[in-house]
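Asks: Just so you know, the working numbering puts the end of the sequence shown at 319, numbered straight through with nothing missing.
If you're looking for bench data, these hints aren't it; they were derived computationally from the structure.
Hints are not guaranteed to be accurate.
[Claimed, not checked] Restraint ranges, calculated between C-beta atoms of paired labels, are given here:
(1) 145 - 293: 36 to 46 Å
(2) 293 - 127: 41 to 51 Å
(3) 226 - 157: 18 to 28 Å
(4) 172 - 303: 32 to 42 Å
[Unchecked claim] Below 20 Å or equal to it, Euclidean Cα-Cα: the simulated SDA-like pairs (lysine to any residue) are:
(5) 183 - 225
(6) 290 - 312
(7) 183 - 203
(8) 183 - 263
(9) 306 - 263
(10) 306 - 285
(11) 183 - 218
(12) 306 - 282
(13) 290 - 232
(14) 290 - 279
(15) 306 - 318
(16) 290 - 246
(17) 183 - 172
(18) 183 - 213
A virtual CB, placed ideally from N, CA and C, is assigned to each residue, including glycine.
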Amino acid sequence: MFLKIISTRRGASATEYGLFVGLIAIAILLTVTSTGQHISTLFGVTANALNGTASSQSSTTPAPVPTEDINGIPVPVLPPQDESCAKDNMSQATADILNSWAGGEIRSISDWCQLTSLNFSNRGLTYIPPEIGQVSLLRSLNLSDNQITEIPKEIAYISGLQGLIVQRNEIATIAPEIGHLTWLRSITLNNNNLSTVPSSLGSLIRIETLDFAGNHLTTLFPDIDNLEQTLQNLHIENNDLRSLPEAMTRLDNISYLFLKNNPNLVVTDTQCAYLKRLPNLDEIPDSCS
Numbered sequence: 031m032f033l034k035i036i037s038t039r040r041g042a043s044a045t046e047y048g049l050f051v052g053l054i055a056i057a058i059l060l061t062v063t064s065t066g067q068h069i070s071t072l073f074g075v076t077a078n079a080l081n082g083t084a085s086s087q088s089s090t091t092p093a094p095v096p097t098e099d100i101n102g103i104p105v106p107v108l109p110p111q112d113e114s115c116a117k118d119n120m121s122q123a124t125a126d127i128l129n130s131w132a133g134g135e136i137r138s139i140s141d142w143c144q145l146t147s148l149n150f151s152n153r154g155l156t157y158i159p160p161e162i163g164q165v166s167l168l169r170s171l172n173l174s175d176n177q178i179t180e181i182p183k184e185i186a187y188i189s190g191l192q193g194l195i196v197q198r199n200e201i202a203t204i205a206p207e208i209g210h211l212t213w214l215r216s217i218t219l220n221n222n223n224l225s226t227v228p229s230s231l232g233s234l235i236r237i238e239t240l241d242f243a244g245n246h247l248t249t250l251f252p253d254i255d256n257l258e259q260t261l262q263n264l265h266i267e268n269n270d271l272r273s274l275p276e277a278m279t280r281l282d283n284i285s286y287l288f289l290k291n292n293p294n295l296v297v298t299d300t301q302c303a304y305l306k307r308l309p310n311l312d313e314i315p316d317s318c319s
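Could you build the full structure based on these sequences and the hints that come with them?
Replies: Have a look at this one:
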């Protein structure tokens, strides 16, 4: 339009023509600048929105909790070390029962809750109270040289227990729930009254030592080969074993096997060959040809 005006004005000077051209250039520049600022602002708002969404997602989405270790073995949930059973689990009545069981040794609720090792050997105890399951941070439990007759199911609540020693008692029964103690590395139950052990022992995926010497066992649990990756020491001497489970020949990591004084034990040829390959066997059964 400006050009049309200029062309229709006869006699317009070069100065006027230059002025109109300059005005057009300024108008174009202002338009481009304004549009550029608007686009830049729009991009900035969009980028901030995207960053905010990403930050929100990263802050509200928790990291996945591993459920298996590097070998694919399920990892049980352990109680945190700072857990207070005084708040969630243990009452004063429970603490009183445990104190009475402990022979009058007074411990506060806080003391019981923070125990990681408990040695009540040679105390004249005749039972393990169900309340022991509330001492949830225990890692080692020694109840040797008492007159205890059974391992109760409530022991399974001590989920991080690693060492259980109840030797030289009167144990005749082990609750099958013991198989839930998948952090156990050692069970010492020698010189008791066991005639059988629960098959759930095959679930103790970290067990290294089983000691059932000096009992009345006639055989072991059939799926003992579930322990082939970890079991190193097996004490089954001085029992009344009549046979061994066939799966036992798959225990390739056994370092020490104590088998003597089982006069009625009969083993197969395959088992005999396996026993002769072991690095540390105290005695070859008489039935081995």
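Asks: Decide, hint by hint, whether the structure agrees.
Replies: Against the structure, the hints:
1. 145 - 293: 36 to 46 Å: With a Cβ separation near 43 Å, residue 145 and residue 293 satisfy 36 to 46 Å, so the hint holds.
2. 293 - 127: 41 to 51 Å: holds (44 Å)
3. 226 - 157: 18 to 28 Å: Distance hint for residue 226, residue 157 holds at roughly 20 Å.
4. 172 - 303: 32 to 42 Å: Taking Cβ atoms as reference, residue 172 and residue 303 lie about 38 Å apart, which means the hint holds.
5. 183 - 225: holds (18 Å)
6. 290 - 312: holds (6 Å)
7. 183 - 203: Status holds; Cα separation ~10 Å.
8. 183 - 263: violated (25 Å)
9. 306 - 263: Holds. Residue 306 to residue 263 sits at ~16 Å (cutoff 20 Å).
10. 306 - 285: Status holds; Cα separation ~13 Å.
11. 183 - 218: holds (17 Å)
12. 306 - 282: Holds - the C-alpha atoms of residue 282 and residue 306 are around 13 Å apart, at most 20 Å.
13. 290 - 232: violated (23 Å)
14. 290 - 279: holds (18 Å)
15. 306 - 318: Measuring from Cα to Cα gives roughly 9 Å; hence the hint holds.
16. 290 - 246: holds (14 Å)
17. 183 - 172: Status holds; Cα separation ~17 Å.
18. 183 - 213: Satisfied, since the Cα-Cα distance of roughly 16 Å is no more than 20 Å.
Hint compliance for this structure: hints 8 and 13 are broken, all remaining hints hold.
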